[in-house]
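Participant: Protein chains in written order, with this note's numbering: chain U, 1 to 552; chain F, 1 to 271.
Incorrect hints may have been included.
Said to hold, decoys possible - Here are the simulated DSSO-like pairs of lysine-lysine, each with C-alpha atoms no more than 30 Å apart in a straight line: (1) U:K193 x F:K150; (2) F:K98 x U:K348; (3) U:K328 x F:K29; (4) U:K350 x U:K293; (5) U:K399 x U:K348; (6) U:K346 x U:K470; (7) U:K346 x F:K140; (8) F:K140 x U:K328; (9) U:K350 x F:K264; (10) F:K139 x U:K348; (11) F:K264 x U:K348; (12) U:K348 x F:K117; (13) U:K346 x F:K98; (14) F:K250 x U:K328; (15) U:K37 x U:K198; (16) U:K328 x U:K346; (17) F:K29 x U:K346.
It is worth saying that the hints were derived from the structure and are not from the lab.
In case you want the letters, here they are:
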Amino acid sequence: MLTKLSGGTVYDPANAINGQVRDVYIRDGRIIDAPGKARPDKEYDLRGKVVMAGAIDLHSHIGGGKVTIGRTLMPEDHRGDSVPRQGLMRSGCGHAAPTTLTTGYRYLQMGYTTVFEPAVLPSNARQAHMEMADTPLVDTGGYAMLGSDDYLLRMLMAGKEQKAINDYVAWTLNASQCIGIKVVNPGGISAFKFNQRKLDLDEQHAYYGVTPRRILLSLARALQDLGVPFPLHVHGCNLGVPGNVTTSLNTIIGIEGLPLHLTHIQFHSYGTEGDRKFSSGAAEIAEAVNLRKNITVDVGQVLFGQTVTASGDSMRQYANAAHAHPNKWVCMDIECDAGCGVVPFKYKDKNFVNALQWAIGLELFLLVSDPWRVFLTTDHPNGAPFTTYPHLIRLLMDKSFRNDMLATIHPDAAAMSTLSSIDREYSLYEIAIMTRAGAARLLGLKDRGHLGVGAGADITVYSDQVDKEKMFAQPDYVFKDGELVARNGEILKIVWGNVHTVKPDFDRAIEKDLKEYFDRYQTMRLENFIVHDEEIEWDGRNKLLVHPCGEA
Amino acid sequence: MTALIFTLATELRQRVDLSPLTPDSLAGKSIEEIGATLLQTGNRQRRADEIFVIEGNDTSHIKVQNSTAKLDYIGKGMTHGDLYVAGDAGSYAGMSMKGGNLRILGDVGAYAACEMKNGQIHVQGDAGDFLGAALPGNKKGMQGGIVIVKGNAADRVGDRMRRGAILIEGDAGCYLGARMTAGTVAVLGSVGEHIGYAMQRGTLLLLQAPSSIPVTFNDCGTHTLGFLPLLLRGFQEFETRFGALAGSIKRVQRYAGDMANLGKGEMLIAV
């Protein structure tokens, strides 16, 4: 079947197309060249409409144990936002931590077609993939969490050579069917269990004697050696601690030029100036990022309202538990290899700290000059639910709207922020880079995030409107793998997405040592730990897309 | 003005959410508008006049005739007026009620008076589990008002209760006053196991000694408490046998607990 999208204004930064009127042809789920004389079976008149690739969210907690714990902890989040069955959409609920089906519908209704879960604990990978398999309409993928796991820390303590670490990282990516490696508070989650309540970049773990710096370097080097496209995804030390801007800068400088992605950098950009000893470090971070091409960031923007924070960083979540709203929280260990902290939060615009967090996030967006290296996230649901993205896009694209909002927040926070003096407004092209082309390039997704020949036909069509929030809240058309799945917010067809992974090669000999380790220490056997391809593809709904790893 | 009467006219196959039929939400509406009110039943919505025969016009005096245990959320969030239920009520009767009177002639299901703020609920029959409790996951149960149960109450009465009084004239089940933060629960009849489990503060007044006292409650001896006659006299304005006890309860055995939690709660047993 040949589909023609005619006359739309195309924003496709990967192919350097900035607002040109052109036709897009789709056949068998792929974008093709103009097919000459062949008559399209279906034609859409998109004159005056904005055409972009489907959006990609590279950091959103949509699967895995902590989301389920968040849902269990917050029944009021579900009672307060129930969605009845409507058309093809089944019923669901949840504002901050929606049910899987509702998550898929809501993402697609905003024109997102690919979402990555950033904290898949390998021992929970099966559950995370099953949960994401139950999220319709979007492609998914996960980042496997390493860095506080006993096996890696033992290797580092024993001074194992980099080759062995590379094999372990590659084995983990294969076993957990993930596309990248995430490290959360490197070593800190483990240190918490040895009664350490903070672990700075160069502080030693009480038992293993390893520093976070060493963990970061080992893992970042491993990914580079293995040729994994996606750089190490780092949730750094000292999340949320005033003064952590120094730690973040040291992390950026100390990585020795290796590719590094710092996630929810907003939570790591705090200074200690001012009467309240809390200030913005956005300018310093942005300057450091601008100077170094090996660094990418996503923001983790805070937006006001009730949400629930879910993180693997049990050390920092425990420290923040006193701020829980409503007053209930969970901190737990998982399989002695990681942790989990779920703390409900209500960000208030009249609260000095929350208001400044909001401003710091926006400062980061606007001060990092290269849109290919900064990504639009709220660290869903930690800074705000993903449904706030259209609002966030408007804040970035509309200076007067941003200043109107700035006037409503806590006056002291507004006074401490440089936001009002920043004139930058994102263009549609830059938004397309940040939410499509840049994310796809960073993740190594060759056939997503662009509209060139051969790309998977994930396409979003908007009506250009002055109110960008309205524009991005409801695209006119969304195509998933070439099929029209949504029109004006109505879901027309339920399809199931692909699962993006990488499968770097490794020396099989490592499985012998791992097997002994599993038999001795783990709660499951090595064979059961590994998530096999058939488990993801067995029912024919989801398809694995394995992205190539380059040569080291 | 005559009372607004809803007479259940159909055999219900699904439960019905009756929360839109309160004096507050019906005030100022014509009988046609009231009949057109949509009620959630099972997975669809039906008009009120498809389920009930509706007569009368005084929206501050509402009566539900032929009521059954399939009618949920009766009087949810009401702030004034009288709601009279001739028959049984389903779950969540009087949930989040802020004022007025809710009288139920028969039994009520689970979560009656849940998170109630103020007002009065009178149950002629028995009450189900979680009377005056908090919704699952919420931290505050009943926060004010008075609940009188003429019959028995099932398990978990006053779970996470914060303020107000629950008076049970029959027996009460297990976990009476579990996780209570404050408030008063009184029982004339017998009580089940695990009384006051994880209780922080609050008062449990018992006329009969429980079969066992939890080990996390400390015996504080017998006392003549000056506040007790005052408390009971306060109940005399309500239709309950507790008011008449003001002169007869002289001394109580006092137990403090739950020592595994905050431990400022008390269990008073008449001697």
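Participant: Any hints from earlier that this structure breaks? Give me their numbers in increasing order, please.
Facilitator: 1, 3, 4, 9, 11, 14, 15, 17
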